[in-house]
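**Student:** Spelled out, the chains give:
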Amino acid sequence: MNQKEPKNDEDIIREITVYEGDYVPLDKDRLVLFTVNFLEERAIEPTFDKIVVATFRLFPRKFSLIGFPEYPDGRTIYYCAYNHCTLDKKWLVGNVQSAFKVTERGKYFLDETGKMLKGKIQLARHYQVSPRRKETTFVTLLKKTIAYKKYVKGEKDRIYKSEILQALRIPPNSKDLVPTRLAKYTEYAHRINETSVLEFLKFAQGKLKRDTNAQRT
Amino acid sequence: MPKERRIEAGEIHEKFWERTVREAFKNDPLRIAIELIKNAADSYTRLEKRGSIKPPFEIFVKLYCRKRKPPSIEVLDNAEGMDFEKLKEALKYGTQTSMGEDTEVITSAEKGIGLKDAMMALEKNWLITAKDGLLNERNKHLNFATGIGKEDESISEQERKILGIKNNGTVVKGIFPDYLRERRFSTICEHLQHHFLMRKLLENEKFKIFAIDGSSNERTRLNHNPPKIEEQILDELLEIKYNNRKHNIHLSIYRGVEELPQGKPFGESGLLFYYGDYTVVDFTFCRLERDFSFSKCFGEVKMEVETLIRDPTEAPLVDEKRRGLDSEHPFNKMLFDEINLRLKEIEESEEASKYSLDEATKKEVLRELNKVYKEIKGTGLFEPPIKPMTYAFYPVYVSIKEFEPKTISLVINSTIVNDKFEISLQSTNPDIAIKKPNKIRIKEKPREKFLVKHIELYSEKAGAKGEIIASRWPYSLESEKMGVEVLENPIFSPADGFAFVPDKTSIVDGGTKKVELCIKKSTIKQYRRIALSSSYPINCPGEWLLPEKQETLQKYVVKDIVRVELPIRVKETGHIGDKAIIEASYEDRISNLKVTVVSEPLIAGLFRDIRLSAKATERICSFIHDEAVLEIYYKHPLIKKYMVKNFRRRSNFLVFIADTITREVLRAFVETGVKENSSRFPIFDMDRPQGEIEDHIVREYYEQGPRMHELFKYLAKTFKIGK
Numbered sequence: 001m002n003q004k005e006p007k008n009d010e011d012i013i014r015e016i017t018v019y020e021g022d023y024v025p026l027d028k029d030r031l032v033l034f035t036v037n038f039l040e041e042r043a044i045e046p047t048f049d050k051i052v053v054a055t056f057r058l059f060p061r062k063f064s065l066i067g068f069p070e071y072p073d074g075r076t077i078y079y080c081a082y083n084h085c086t087l088d089k090k091w092l093v094g095n096v097q098s099a100f101k102v103t104e105r106g107k108y109f110l111d112e113t114g115k116m117l118k119g120k121i122q123l124a125r126h127y128q129v130s131p132r133r134k135e136t137t138f139v140t141l142l143k144k145t146i147a148y149k150k151y152v153k154g155e156k157d158r159i160y161k162s163e164i165l166q167a168l169r170i171p172p173n174s175k176d177l178v179p180t181r182l183a184k185y186t187e188y189a190h191r192i193n194e195t196s197v198l199e200f201l202k203f204a205q206g207k208l209k210r211d212t213n214a215q216r217t
Numbered sequence: 218m219p220k221e222r223r224i225e226a227g228e229i230h231e232k233f234w235e236r237t238v239r240e241a242f243k244n245d246p247l248r249i250a251i252e253l254i255k256n257a258a259d260s261y262t263r264l265e266k267r268g269s270i271k272p273p274f275e276i277f278v279k280l281y282c283r284k285r286k287p288p289s290i291e292v293l294d295n296a297e298g299m300d301f302e303k304l305k306e307a308l309k310y311g312t313q314t315s316m317g318e319d320t321e322v323i324t325s326a327e328k329g330i331g332l333k334d335a336m337m338a339l340e341k342n343w344l345i346t347a348k349d350g351l352l353n354e355r356n357k358h359l360n361f362a363t364g365i366g367k368e369d370e371s372i373s374e375q376e377r378k379i380l381g382i383k384n385n386g387t388v389v390k391g392i393f394p395d396y397l398r399e400r401r402f403s404t405i406c407e408h409l410q411h412h413f414l415m416r417k418l419l420e421n422e423k424f425k426i427f428a429i430d431g432s433s434n435e436r437t438r439l440n441h442n443p444p445k446i447e448e449q450i451l452d453e454l455l456e457i458k459y460n461n462r463k464h465n466i467h468l469s470i471y472r473g474v475e476e477l478p479q480g481k482p483f484g485e486s487g488l489l490f491y492y493g494d495y496t497v498v499d500f501t502f503c504r505l506e507r508d509f510s511f512s513k514c515f516g517e518v519k520m521e522v523e524t525l526i527r528d529p530t531e532a533p534l535v536d537e538k539r540r541g542l543d544s545e546h547p548f549n550k551m552l553f554d555e556i557n558l559r560l561k562e563i564e565e566s567e568e569a570s571k572y573s574l575d576e577a578t579k580k581e582v583l584r585e586l587n588k589v590y591k592e593i594k595g596t597g598l599f600e601p602p603i604k605p606m607t608y609a610f611y612p613v614y615v616s617i618k619e620f621e622p623k624t625i626s627l628v629i630n631s632t633i634v635n636d637k638f639e640i641s642l643q644s645t646n647p648d649i650a651i652k653k654p655n656k657i658r659i660k661e662k663p664r665e666k667f668l669v670k671h672i673e674l675y676s677e678k679a680g681a682k683g684e685i686i687a688s689r690w691p692y693s694l695e696s697e698k699m700g701v702e703v704l705e706n707p708i709f710s711p712a713d714g715f716a717f718v719p720d721k722t723s724i725v726d727g728g729t730k731k732v733e734l735c736i737k738k739s740t741i742k743q744y745r746r747i748a749l750s751s752s753y754p755i756n757c758p759g760e761w762l763l764p765e766k767q768e769t770l771q772k773y774v775v776k777d778i779v780r781v782e783l784p785i786r787v788k789e790t791g792h793i794g795d796k797a798i799i800e801a802s803y804e805d806r807i808s809n810l811k812v813t814v815v816s817e818p819l820i821a822g823l824f825r826d827i828r829l830s831a832k833a834t835e836r837i838c839s840f841i842h843d844e845a846v847l848e849i850y851y852k853h854p855l856i857k858k859y860m861v862k863n864f865r866r867r868s869n870f871l872v873f874i875a876d877t878i879t880r881e882v883l884r885a886f887v888e889t890g891v892k893e894n895s896s897r898f899p900i901f902d903m904d905r906p907q908g909e910i911e912d913h914i915v916r917e918y919y920e921q922g923p924r925m926h927e928l929f930k931y932l933a934k935t936f937k938i939g940k
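Protein chains in written order, with our numbering: chain B, 1 to 217; chain V, 218 to 940.
In isolation and in its complexed conformation, chain B is listed as follows:
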């Protein structure tokens, strides 16, 4: 009789599915803390690599690389697990060499995190989904510009060319930068899946073209 071999930790982790609740508003430190406990509960030693994969599998939207959603953002997870949760907040003990463990203090925050994931407590501050890399930073800045705000409000006719140039961070006398900037922003918006920004960029491109043609005629 063939006795099934017990699954190893890696297999269990590979089978982890995405957490079903709304985890996006939470900060990444709490999600890492949750993951460490998640592994402990399943009798899996929370070593760093296991934490990376498990965190990514549970919360892929918060821990994937920009442009590569199929890969975990190990750098962010490291910062959360060691620098923040262990050294600063003391929710965990351990390090990359010794693996991690939830502390007594951490259990209270874990409990709180559980309530947050269930929606019983909301965090006043909204944490962004994508890691703070160049793409997110500049697309976020673009979303704060007058041109973009007017676009979102549906006031397309009231957007001036100068406002679009400002949104694309193009100095007034450097119109030659328009194609490269548009291409870059489009690339960034694609990577972080900002559809509304992509639409805006398409509109901006059209408007700039129209204005240039009108000037020529």
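What you were told as hints is all true, and nothing was included just to trick you.
Chain B is nowhere near these chain V residues, computed Cβ spacing over 12 Å in every case:
no.	residue
1	ARG239
2	GLY268
3	ASP349
4	ASP452
5	THR578
6	LYS623
7	PHE638
8	ASP805
9	LYS858
10	THR877
Here are the simulated lysine-lysine pairs, BS3-like style, with alpha carbons at most 30 Å apart:
no.	chain 1	residue 1	chain 2	residue 2
11	B	LYS101	V	LYS623
12	B	LYS107	V	LYS623
13	B	LYS89	V	LYS682
14	V	LYS588	B	LYS144
15	V	LYS892	B	LYS143
16	V	LYS594	B	LYS89
17	B	LYS144	V	LYS591
18	B	LYS118	V	LYS604
19	B	LYS156	B	LYS144
20	V	LYS623	B	LYS115
21	B	LYS134	V	LYS588
22	B	LYS118	V	LYS656
23	V	LYS652	B	LYS120
24	B	LYS120	V	LYS637
25	B	LYS107	V	LYS682
26	B	LYS107	V	LYS698
27	V	LYS279	V	LYS303
28	V	LYS776	V	LYS618
29	V	LYS666	B	LYS115
30	V	LYS832	V	LYS579
31	B	LYS107	V	LYS604
32	B	LYS149	V	LYS604
33	V	LYS637	V	LYS662
To be clear, the hints were calculated from the coordinates, so they are not data collected in a lab. Fair warning: this is a prediction, and the values are worked out from it, not measured in the lab. Every residue, glycine too, gets a C-beta built ideally from N, C-alpha and C.
We have chain B already, so just place chain V on it with the hints.
**Tutor:** Same frame as chain B, now just chain V:
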């Protein structure tokens, strides 16, 4: 060549003279009175030179003041008086007859202002003069015609009494033009006393000048008291060689005790240029005019230039409009160069202690600046932490120190608050106490969506652990908890039962502080004296006596420890980096405290100091990154432009300074932020960041500008001379 057949009289329109006179006096109409007073003084001087009179010489200035109209004036002297011929000559335009201090000196009329101009400036003017028993009266019309009253008529005693002329003498009278703004007797007197042209005359003890209020006959002697001298900075005799002649110039400069007003005609800070005994020609600091660095300085330049003035072929030293010494005149140029050279030397030697800002205000501003920088380059604004559906603790776990209370919060969602809302709080460990409150009651429905209630926790037992439970029982079974741990307080475990806690400390150079000596109560016996000794540069009391009575001692006891606070101080300043030891001994127990003298530790961050600098730069202020110092260059022409009288209270100075510093500070914020890779200042094009840096500065200017302006206006108000 045509032959001249007849001569037609020159035509002069009244308007021309009106304009000329107005031009001569419009900026300073008090010069009309001063000209008349000086003429009287000159007349006395001539008499004295001839040996016919001895001081004191009295001059009377009678003023009839009216509320809405300009006052009238009478200037009386009992000096030479004038006979018919001299009077006729004196009132002719372009006359060589001197009305000056020296008979040989060319009349000032040639330079635009003189007796005739002064008379023509006065409405209904009359010159009445008595000499050798004969009275002559004349006036001047605006078309320069001379009106004639009595001519060589014998003067009666009655007339002498009315005029106030005892023997020989002159009275000039008339009504001031309407551009003299002063209307009150006291104001006119005050202005005459402070006028630079009057200064030498009023300081001259030979002359007694009285102002008389025409309406009350109140008599006031006009005086000028020079500013209080702190020190004489310069006393030098210069020689200016001009046209093969040497002219002696005696230059004296003093530093006053306090800041002095600058500028003509009433300023005190400047150099008074004069010749003879009292003939003032200018009041200036040459090319360093209105330089704030000289605002405590004043002085005199006595010029032996009579020969130069007497020379009819020489251009006048005083400029045509009589504003002062003509800076284009070659003699004056040489004089100014020499004086400036010395002024520069003085300025440089005194530079180090020249200006300062109020230390306390400066530190306050620096702290605020660093706070703002930290705030804007940091992660952003602090927001309300959590929004629970019901209520929750924030934070959910806390570490407290034994014997030190700590406050935590309970955030309550106001939607659950009803009429009899009550939350009871309980500690699971009796060693951890909820000091206040034990129950949270809310009587009225709150307006806010979330309420934050503060709870104070306290424990005297290190190592205790427990939970605080908040529940609405019996109304609801739901409860919230938070974890608490009590950490050991180091003051309760002094080494050997007698120790300074902590055993190392730092103290600010020149500062004072209190250090804590902790003694286990059980170690205290009958002996009351704690002996103390310290090494240089720290000073502390030589001993400390423990209270005799147990009740008094009990006041110092916490748990089983007696806490003694000992004052220590650094002797003087200049000991940064020095280390010292304070030794405390009680019976056979000894404890040492290591003390390090440090510089002011409070200012940490991007800005460590704000310094006023005398450097001549094109910038008004600049941030020195390496030193973390903001330098303000007070010699910049634009700063000097605004640093005029009472500048600290002038909004144009304050706004200008505040705005300039704000821009520089924000530039420093952004440039440093970019250097430190602050996420507040992202750069798209790392190869060409300058344009984006400028954009960030503009954005920060709009966001932080108003706050910064207030801060720097507050600082600019403390700009002062000296340390």
